[in-house]
Each structure stands twice: as C-alpha cells, then as structure tokens.
Amino acid sequence: MRVIKAIVLIIIFNFSVLFSQSTQRPKNIILLIGDGMGANYVSAAVLHFPNNPFRRFTSIGFSITCAADNLLTDSAAGATAISTGYRTNYYYVGVDTLGNPLTNIFEEAERLNKSTGLVVTCTVTHATPAAFVSHVISRKEETAIAKQFLEKDIDVVIGGGAKYFHETEASSSIINGFDILKNKGYDIYRNANELLASQPNNKFYALLEDEQLPRAKDRNYSLADLTKKVLPVLSQSDNGFVMMVEGSQIDWGGHENNQDYLMTELNDFCGAIDAALNFAEENGNTLVIITADHETGGMSINDGKPDGSNITLKFTTTGHSAEMVGVFAKGPGEELFRGVFDNYMIGRNLFQLLNPDLQF
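For the sequence shown, my numbering assigns the number 978 to the initial residue and increments by one for each residue that follows.
It should be emphasised that the hints constitute simulated quantities derived from the structure, not laboratory data.
On a predicted model such as this, the values are computed, not experimentally measured, just so you know.
Each hint should be verified, as a subset may be incorrect.
Said to hold, decoys possible - Label-pair ranges, simulated between beta-carbon atoms:
no. : residue 1 : residue 2 : range
1   : Glu1258   : Ala1174   : 22 to 30 Å
2   : Asn1279   : Arg1032   : 22 to 30 Å
3   : Thr1294   : Asp1237   : 16 to 24 Å
4   : Asp1195   : Thr1074   : 35 to 43 Å
5   : Val1317   : Asn1028   : 24 to 32 Å
6   : Glu1258   : Val1317   : 22 to 30 Å
7   : Thr1074   : Thr1035   : 31 to 39 Å
8   : Asn1260   : Gly1296   : 33 to 41 Å
Stated by the list, open to error - With a Cα cut of at most 30 Å, we get these calculated DSSO-like pairs of lysine-lysine:
no. : residue 1 : residue 2
9   : Lys1129   : Lys1205
10  : Lys1129   : Lys1117
11  : Lys1159   : Lys1117
12  : Lys1194   : Lys1205
13  : Lys1159   : Lys1004
Virtual Cβ for every residue (Gly too), placed ideally from N, Cα, C.
With the hints as constraints, model all of the structure from the sequences given.
This is how it looks when you write it as structure tokens:
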C-alpha cells in the first residue's frame, strides 16, 4: 500500500512539474461569459454576423454544464464551477454542496497581488458575477452578496444593481454602501454618461442603474465600451490581472424565446470579445477565454440564406438545456481548453495558470 501511495504522489508531482515546464502562463486573463450561450448560439453568430470574433480563436473545446445535483444547471452553479473549479448545487453561489465557501479565481488572483475586475449587463449581485465574489447558498440573497462585495478589494466593478448598495424605500438594502466604497478609496460613477466621459485611472465602481442595464438596443453604449474602460485601470498592476466580462442578457433573450433580443445581445457580446482580443494582441501575455455557463432555450437555426441573412431561430423550452457550450481560448495556456471536458475543468485550468502549485 505504501508503494502505491508513493507512486501516486510521484505521478501527481510529475504532473505538476510537467504543467509548469510545458505550459506558458499568462500575466493577464480575460474571461468572457455569454450567459446561456450554447454552441448553437455561437453557430448563429458565426453565420449571421460578418467578421464575428469566434473565427479569431485557435483553441476550441466543449464544456459539459451539469450541476452537482441536476443535469440542467443554473447560472449560480454553472458560474461557480467556472470560478472555483468545483461543481455545486443548483442556486448555490461560491460554496460547495455542503454550503462551505470555495476559493474563487478572483480571491486567488488578489492573493497573488493581481488586479481584478468585472463588467456585466445585469446587476453585479446576479448569479454569474456573484460567483466570482461571494459565498451564499442562494443566488436570491442579493443584499448579502452586495455586503460581500463591500468586504472585498475588487479593483473595478461595472454593471447594474445600485439599489443593493444604498438605502431605498423599495428594498432593505445596505445603508451607506457607496460611502463605504469611497472610504476604501474607490471612485464612484452612477451613470453611463459620467463613466464614458471620464478616463479612469483609479479603482472604481460604476453601478449605472438600480436594476440591470438597458437592453443593448436601448442604450447608447456597448459592452465593448465598458470593457475598454476597465482595461487601462487593471493594466496598471505590474503583476497582471484577472477580468470577467458577462453578456448577461443573452440568456434572457433565450428565456423569452425572443430572436431579436437574443441576437442583439449576442452581437453586443461579440464586440466585447473583439475588444479583449485586440487588447491581447496589442499588449501580449494575455489569455482570452470565451465560454458560457449553460445553454438557454434549446435553440436551433431552422432557416436562412447561405450568407447568414434572414436566419430563423426556433426553441424547445423557455428554460435551460443540457446542451454543451463552446470554450474558445487564445493566448498563453490556450491548449488547456481543447477537447470535451466538464465545466469545472475551466476553473481548475485557470487556477493552474495562476498558480501551478495548487492541487485539486
């Protein structure tokens, strides 16, 4: 038995050495999550949008999105698998199946003195962004999630959900949340015009709406515009950064079985992908990863012209499906994201790229 244990330990050690010697490690990681964006959605983007960014990637894989307790996952469990390297139960955020906190990649990045930032089009306390910041057993605990944001030192936060950071008559929210942030040295932007007119060079929170941001077609700025506001601030760190960008409302278009909503949000997300890839090409040493937490709507492309115009989408559900989602990677370490794998392997590979000495 001792001999077997010794062999296992040698194998584990050798794998760690092999990883550290053969795998390039990026200084910066930009993770973009298209909420609900199954491989079928990517097909729609590739067919319909000229010069779509998915053709720019050199490593492609597929992620199996199950939750620990359900074949069909939700954004909380799906994002937790990506952010921590562990599957958890439906609705759970940043905790294991017993409710114990799991370390996420933002926390590991901060331990390594890297900058961190997130940009979303939902409330920043929604399931996906919450999985990179907080630890709760229900995604509905948005006030508790907001309190945990205030306890962390994320360098840049952009999205909606301002109501959870100040007292209002409509909710029992955190009193003086913005004062707490100011006392911690953050600049505060309360609307998009104010943010877009600025050139931030300090850590900041930009909570642009009390609820989620407007739909892409109803706002005069894009997810790419917001992404570009974050990158100069995070780039000030000599140790690099980890950033998460979410096209949050792609999922909502899928839930509504609304082709126009889905496609306009998907196009908005594609712009952010281009912004990330352009940054990586200009600055180097940056890994860009695109994936999704799950597929929404059981969508199929039923009709259209050869040039991708006039496509028609059909749906089988207003909920989620178990369809695999794509994983697209470009940059140092991209080879780790090829093939077919469980969703938690995205998180584990990200942790290994941050710190090869970590073991799961």
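Hint check results:
Taken as a hint, the range 22 to 30 Å holds for the pair Glu1258 and Ala1174, whose Cβ atoms sit roughly 27 Å apart. For the pair Asn1279 and Arg1032, the supplied restraint of 22 to 30 Å holds, since their beta-carbon distance comes to about 23 Å. Checked against the hint of 16 to 24 Å, the pair Thr1294 and Asp1237 passes, with Cβ atoms roughly 19 Å apart. A hinted range of 35 to 43 Å holds for the C-beta pair Asp1195 and Thr1074, which are about 39 Å apart.
One distance hint, 24 to 32 Å for the beta-carbon pair Val1317 and Asn1028, holds here, with the actual separation near 28 Å. Distance hint for Glu1258 and Val1317: a CB-CB separation of about 28 Å, consistent with the stated range 22 to 30 Å. At about 36 Å, the beta-carbon gap between Thr1074 and Thr1035 stays in the expected band of 31 to 39 Å. At roughly 40 Å, the beta-carbon separation of Asn1260 and Gly1296 lies within the given 33 to 41 Å, and the hint holds.
For a cut-off of 30 Å, the pair hint linking Lys1129 to Lys1205 stands: about 23 Å separates their Cα positions. At roughly 20 Å between alpha-carbon atoms, Lys1129 and Lys1117 fall within 30 Å of each other, so this suggested pair holds. Of the supplied pair hints, the one linking Lys1159 and Lys1117 holds, its CA atoms being roughly 26 Å apart against a limit of 30 Å. Taken as a hint, the Lys1194 and Lys1205 pair is honoured in the structure, with Cα atoms around 19 Å apart against an allowance of 30 Å.
This hinted pair checks out: Lys1159 and Lys1004 have alpha carbons roughly 29 Å apart, not beyond 30 Å.
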